[in-house]
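**Q** Each chain, written out:
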Amino acid sequence: MDPTGLDELLQHPSLWRASSAQGEGKVLPTGFRRLDERLPGGGWPLDTLIELLLPLHGIGEINLLLPALRTLCAQDAQSPRWIAWLGPPHLPYAPALASAGLDPARMLVVRSNAARPPGSSLWAMEQALRSRACVAALGWVDGADGQSLRRLKLAAEEGGSLGFLFRPKERAREPSPAALRLLLEAHDGALDVHILKNRGGLPARVKGVLEGMAGG
Amino acid sequence: MSSLTPDLFDPTPVPAGQPARLSLVPEASCLPARQGRGELWLCLWLPQLPLDALATGEDAPDAPACVIEGEGSAQRVIAANGAAVRHGIRAGLGLNAALALCPGVRLHMRQPAAEAALLERLARWTTQFTPVVSLEPPRALLAEVRGSLGLFGGAAGLRRRALESLHRRGLYAFAALAPTPRAALWLARAGLDTPVQAPGELPGLAARLPLSCLGWPQATLARFATLGIRNVADLTRLPRDGFARRFGPSLLAELDEAFGRRPQPRRRAVMPERFDDSLELPVETGSIPLVEIALERLLGRLEAFLRTRSAGILGLAVALLHRGQPATRLRLGLARPGGEAGHLQALLHERLGRTLLPAPVVALRLRSTVAVPLELRSGVLPGTAGYDADPEAAARLLEHLRARLGREAVFSVRLAQEHRPERAWQVSEPALGKTGAGPFAEAVAVPVGPARPLWMIAEPQALRERDGLPRHGGRSLTLLSGPERIETGWWDGQDVCRDYYVAAAADGVRLWIYRERRRSGGWWLHGVFG
Chain A
6 MDPTGLDELL QHPSLWRASS AQGEGKVLPT GFRRLDERLP GGGWPLDTLI ELLLPLHGIG
66 EINLLLPALR TLCAQDAQSP RWIAWLGPPH LPYAPALASA GLDPARMLVV RSNAARPPGS
126 SLWAMEQALR SRACVAALGW VDGADGQSLR RLKLAAEEGG SLGFLFRPKE RAREPSPAAL
186 RLLLEAHDGA LDVHILKNRG GLPARVKGVL EGMAGG
Chain B
76 MSSLTPDLFD PTPVPAGQPA RLSLVPEASC LPARQGRGEL WLCLWLPQLP LDALATGEDA
136 PDAPACVIEG EGSAQRVIAA NGAAVRHGIR AGLGLNAALA LCPGVRLHMR QPAAEAALLE
196 RLARWTTQFT PVVSLEPPRA LLAEVRGSLG LFGGAAGLRR RALESLHRRG LYAFAALAPT
256 PRAALWLARA GLDTPVQAPG ELPGLAARLP LSCLGWPQAT LARFATLGIR NVADLTRLPR
316 DGFARRFGPS LLAELDEAFG RRPQPRRRAV MPERFDDSLE LPVETGSIPL VEIALERLLG
376 RLEAFLRTRS AGILGLAVAL LHRGQPATRL RLGLARPGGE AGHLQALLHE RLGRTLLPAP
436 VVALRLRSTV AVPLELRSGV LPGTAGYDAD PEAAARLLEH LRARLGREAV FSVRLAQEHR
496 PERAWQVSEP ALGKTGAGPF AEAVAVPVGP ARPLWMIAEP QALRERDGLP RHGGRSLTLL
556 SGPERIETGW WDGQDVCRDY YVAAAADGVR LWIYRERRRS GGWWLHGVFG
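Line order of the protein sequences matches chains A and B. In our numbering, each number is its position in the first sequence, counted from 1, plus 5. In our numbering, each number is its position in the second sequence, counted from 1, plus 75.
These are calculated hints, taken from the structure and not from any lab test. Be careful, since some hints might not be right.
[Claimed, not checked] Beta-carbon label-pair distances, calculated as ranges:
1. B:363 with A:159: 26 to 36 Å
2. A:124 with B:367: 16 to 26 Å
3. B:564 with A:75: 25 to 35 Å
4. A:159 with B:435: 32 to 42 Å
5. A:194 with B:542: 52 to 62 Å
6. B:594 with A:159: 54 to 64 Å
7. A:147 with B:594: 56 to 66 Å
8. B:382 with A:206: 48 to 58 Å
Given the structure is predicted, the values throughout are model-derived calculations rather than measurements. A virtual CB, placed ideally from N, CA and C, is assigned to each residue, including glycine.
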């Protein structure tokens with residue numbers, strides 16, 4: 006067959022190719038313009054796993070997600086789904102969630118005081134992502150191998166939900182199948198975001214995404 | 076046998092020129108002349124039910140086996156499988172004769188309870204074709220199927236489907252269709268295939284029915300033989316009251332019922348409200364995976380039980396029976412009525428994983444709560460709005476997480492009307508389905524005012540102090556805003572008097588701390604900003 010003819014055929018607009026479907030994924034604006042500029046499509050990629058690497062808890066990682074979580078809650082007000090918090094370091098405080106614009110009743114918290122077997126947060130996150138009952142799942146996990154992370158990503162794709170995985174900064178050097186990997190750092194009261202892995206975009210460093218954090 | 080004495084009391088006029096044939100079968104004009112309507116009964120007759128009820132997996136299908144009952148020298152064979160029949164063993168044969176014909180035949184004692192249980196299960200299975208099912212113990216089932224013919228491809232299609240389905244389960248049955256239950260039973264026992272749709276066809280088939288299909292006592296059948304009666308057609312040519320006098324009115328009534336002259340009301344099989352079934356394990360075992368395999372079978376029966384009634388259950392109790400020890404019991408509760416075998420299996424798998432067996436398991440028993448009708452929802456076409464919330468999915472996720480992590484580990488939160496920060500929120504049951512009109516469906520107002528941290532530390536941590544400033548992680552904290560005085564709660568004895576501040580640590584974390592103003596004083600960490 007004529008090679009140029011084949012190329013033309015492949016460019017035909019009516020022809021759908023599975024590999025091209027990945028590029029036009031849905032995105033959700035992060036709410037922070039400087040971060041949106043650096044992400045392909047202008048926001049968080051949906052139906053996949055996003056990894057956030059932190060030096061320690063409480064530097065503003067949840068504040069970074071708040072606008073997106075608010076949008077997700079508003080989108081399916083007709084048939085509401087949960088936002089799952091799996092193995093958080095402390096208890097989510099309902100009055101603060103309410104002030105931030107999130108309905109506390111839409112939060113599903115999975116946290117036990119007793120010593121849990123390792124891997125139960127990963128398992129719970131996979132169940133939550135796959136179940137179609139959650140619109141987003143936030144998970145706190147320390148060590149996870151590539152196989153487990155791939156399973157989480159697959160679960161998010163199948164269940165139509167967005168997974169945010171929080172891991173310690175030390176894991177930045179390990180390879181990960183997450184669609185987006187961000188390293189967060191606090192600098193002089195502002196939050197810097199290093200984009201380590203960006204599917205469809207370039208790694209970058211965005212300074213001062215969250216500023217002036219006094220009084221939140 | 077063709078010329079008979081006319082019965083003086085029969086009022087039917089005999090047309091001239093015709094031999095007087097006063098028969099026990101009424102003429103077709105006496106019956107309602109509705110072709111294709113009226114009842115149609117399906118009879119399923121299982122000749123090897125005693126053998127199938129034992130369901131021992133150890134016998135190879137080619138090995139001859141039979142079931143015996145009785146005691147001592149009066150033991151007789153009541154059922155034999157195909158291989159044994161080929162050796163010449165028949166029902167009714169004495170035990171010694173059977174052993175003489177086939178020395179290697181496997182013998183099993185009859186278990187009437189198991190037979191009755193199997194017949195009950197089959198009755199439930201038959202309800203997939205029609206709701207009107209009746210038991211005809213010991214080995215047959217009757218079902219009225221006229222209304223279902225259209226759904227299953229006509230009489231022949233229904234019959235074929237039933238037999239194929241039974242065959243797949245390893246059960247050997249004969250099926251026959253006739254306008255009356257008794258005729259259907261006789262046809263099934265005789266092994267006649269053709270469905271009989273109209274009552275008028277029955278007399279024609281009577282000639283092919285041997286006397287053995289009637290199920291009448293041997294003595295009576297012997298007397299028929301001395302009279303030269305070989306089949307049911309001959310039987311119907313006997314005079315009525317002479318028959319009644321010699322053999323009893325009940326047998327005459329049975330003939331009338333079979334040919335549709337007399338109604339034969341049947342008692343409908345009553346379906347139990349709850350599922351209660353047991354399974355004996357083929358070998359005693361202490362291994363959980365083997366127990367789960369047996370549990371899978373019981374759950375399959377539960378699912379079939381629920382599906383025939385479009386019902387769901389709210390709870391399940393599983394008892395693992397041990398020899399000589401009290402049983403291990405597990406209870407499972409469901410958030411919404413359901414009964415999918417796969418889902419229940421997964422939940423029980425989690426529960427069994429945390430159970431320690433004190434002794435090997437001998438048998439399993441599964442009991443359910445009362446079955447409640449399910450609201451059936453139509454499914455979603457693939458590709459169309461596949462991500463709509465599904466209350467079933469929410470309930471399943473909740474059950475699954477709780478089964479593994481414990482009930483208290485999975486919760487939601489809500490606001491409470493309180494100034495004391497640790498009481499301004501409560502654990503709540505995760506809501507399923509729609510949560511109400513607006514985002515804040517509760518009456519508690521959204522707190523406006525000073526910021527609150529996203530994370531609350533369950534037990535406030537004491538902080539060290541140096542030069543009047545609190546320290547955390549080895550460094551002094553910088554106070555950013557405050558103080559916010561919270562002094563309240565005198566009415567229930569848990570009064571607090573605290574000054575809250577937002578403090579920044581050197582590593583960029585913002586903390587919510589307070590200074591206790593009573594008694595001891597001191598700085599405490601209560602929350603982390605997010």
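**Q** For every hint, state whether the structure bears it out.
**A** Results for each hint:
| no. | hint | in the structure |
| --- | --- | --- |
| 1 | B:363 with A:159: 26 to 36 Å | 28 Å, holds |
| 2 | A:124 with B:367: 16 to 26 Å | 21 Å, holds |
| 3 | B:564 with A:75: 25 to 35 Å | 32 Å, holds |
| 4 | A:159 with B:435: 32 to 42 Å | 39 Å, holds |
| 5 | A:194 with B:542: 52 to 62 Å | 23 Å, violated |
| 6 | B:594 with A:159: 54 to 64 Å | 56 Å, holds |
| 7 | A:147 with B:594: 56 to 66 Å | 39 Å, violated |
| 8 | B:382 with A:206: 48 to 58 Å | 51 Å, holds |
Hints 5, 7, counting from the list given before, are not met by this structure.
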